[in-house]
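Enquirer: Protein chains in written order, with the working numbering: chain S, 11 to 176; chain E, 9 to 280.
To be clear, the hints were calculated from the coordinates, so they are not data collected in a lab. Hints may be right or wrong, so weigh each one.
Looking from chain E toward chain S, a few residues come up when the C-beta cut is under 7 Å (computed) [as the list claims (entries may be wrong)]:
| no. | residue |
| --- | --- |
| 1 | 32 |
| 2 | 63 |
| 3 | 65 |
| 4 | 132 |
| 5 | 140 |
Simulated coverage check for chain E against chain S, where a stretch passes if three residues somewhere in it have a Cβ under 8 Å from a Cβ of chain S [to be verified]:
| no. | segment |
| --- | --- |
| 6 | 46-55 |
| 7 | 179-187 |
| 8 | 194-208 |
| 9 | 254-260 |
| 10 | 269-278 |
Note that beta-carbon positions come from the ideal geometry of N, C-alpha and C, so glycine has one too.
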Amino acid sequence: MKRVAALGVMVALALVQVTWAPRISIAGAFPNLVLATVVAITWMSGVRAGMAWACIGGVLLDLSAPGAVGPHALALLTAAYVTSLWARNFESAHALHAALTAAAGTAAYSLTLVLTDGLLGQPGIDAGIFIRLAVAAAVYNALLTPFALEAMRRLRALVREGPEPA
Amino acid sequence: MYGAKGSSHATGLFLTLCAAMLLLAMLSQQSWAAGPRGAAKSALAPLEETMTSAANGVTRVASILGDVSSLRAENARLQAADEQLRRQVVELDAAAKENAQLRQALSFQKSSGHKVVAADVIGTGPDALSRTMEIDRGTADGIRAGMVVVTGAGLLGRVREAGPHAANVQTLADPQSRVNVYLSRNGLQGTISGGPAALQLDLQHTIGVVASSGDWVLTSGIGGTYPRGLVVGEIATVTHRDTATSDQAQVAWVNDPTSVGFILVITDFVPS
Chain S
11 MKRVAALGVM VALALVQVTW APRISIAGAF PNLVLATVVA ITWMSGVRAG MAWACIGGVL
71 LDLSAPGAVG PHALALLTAA YVTSLWARNF ESAHALHAAL TAAAGTAAYS LTLVLTDGLL
131 GQPGIDAGIF IRLAVAAAVY NALLTPFALE AMRRLRALVR EGPEPA
Chain E
9 MYGAKGSSHA TGLFLTLCAA MLLLAMLSQQ SWAAGPRGAA KSALAPLEET MTSAANGVTR
69 VASILGDVSS LRAENARLQA ADEQLRRQVV ELDAAAKENA QLRQALSFQK SSGHKVVAAD
129 VIGTGPDALS RTMEIDRGTA DGIRAGMVVV TGAGLLGRVR EAGPHAANVQ TLADPQSRVN
189 VYLSRNGLQG TISGGPAALQ LDLQHTIGVV ASSGDWVLTS GIGGTYPRGL VVGEIATVTH
249 RDTATSDQAQ VAWVNDPTSV GFILVITDFV PS
């Protein structure tokens, strides 16, 4: 039941990302809610959970983007893995660490997307434009992720405090 | 947080999942997979449509609130005005804007002579590296990949992929987008690519001819992807260097992708 609810939340986040988020674009970038959530999950529940939700969230994003199904899942997987390399050295998640991993994860995500597109025969992106977009997105996601982490903590506390099944 | 063994297991799982996703991407890109892929993407379209409608509702409420606060500051008489009347004014304003868009679209259809299919925008691309739009028309409405997409104001992009009841449009703002253009004033040729803010224009050098701010940019038709003569935008800034082989310019696009809600797909132009 919890997993179905979590899947519902992920679907809602992906939909918000492809409908509402572009309205608050700054310097060409807008918040990547799915990436922020995957980073937060990796900090809270470990790399396996992070990678599992990266695949699910990524496929949902792929369904709203043109082209093959898989590139966004692959990009989110690298973001989760990069986060785990950092998170393995800490016992608990701190907002600053979460923000820094989100920035590093966004860089990995953007680079993976461009490399995958190249591998799949899609046209390339000008390096200057790519760097500007990736940096803007990294800053945006770094600011967003501590809030995602806090929301996840509260959600987890709420679920734990809930009534036990009979 | 994790031990060395857990770490190597995580790396193994990461590599396995990467390989699986790469395989999925390669398989789903094959021509035989286009049908199921389009159907899967169309399945998500109704949810996106609902979410976009909700987002538009929220924007409208926000504009009412913004309108109320500015009126308070400006005019005491309007402070006492009826809330319902103000809401009606905002709604009428929104309707007028939509009517203007529709009139512009109708005018484009009449003046260009192209056959078009109208569609609503129901979603956008998932990140800044993919500036695309999802529309609520697909192959069932005659939409095919490669078709050119415009608004009443000018060129918006082209259909990248079409499912049965939804399609994806690659806008000119997409960093992967390339359009061959010319300047209406002096005929200078160039290529426009997407960028974070304005469109980037790479203009060929021609001795004695220089582009300047305010020049209109139109599609040249070279390459056969777009018909000739569609308005793209107006040059905002030009960077000219005598030593360079080309000039760089930024183009103020006639379309603002964040506010486009209604588009036209040209169905009778076949890209070569």
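Enquirer: Take the hints in turn and mark each one as holding or not.
Expert: Hints, verified against the model:
1. 32: Interface hint status for residue 32/E: holds (4 Å vs cutoff 7 Å).
2. 63: Status holds, d = 5 Å.
3. 65: violated (11 Å)
4. 132: holds (5 Å)
5. 140: holds (6 Å)
6. 46-55: Per the Cβ count (5), the hint holds.
7. 179-187: holds (count 3)
8. 194-208: Answer holds; 6 residues pass the 8 Å Cβ test.
9. 254-260: violated (count 0)
10. 269-278: It is violated: at least three residues are needed, and the segment 269-278 of chain E offers just 0 whose Cβ sits closer than 8 Å to chain S.
In summary, the structure is inconsistent with hints 3, 9 and 10 from the numbered list given earlier, while agreeing with the others.
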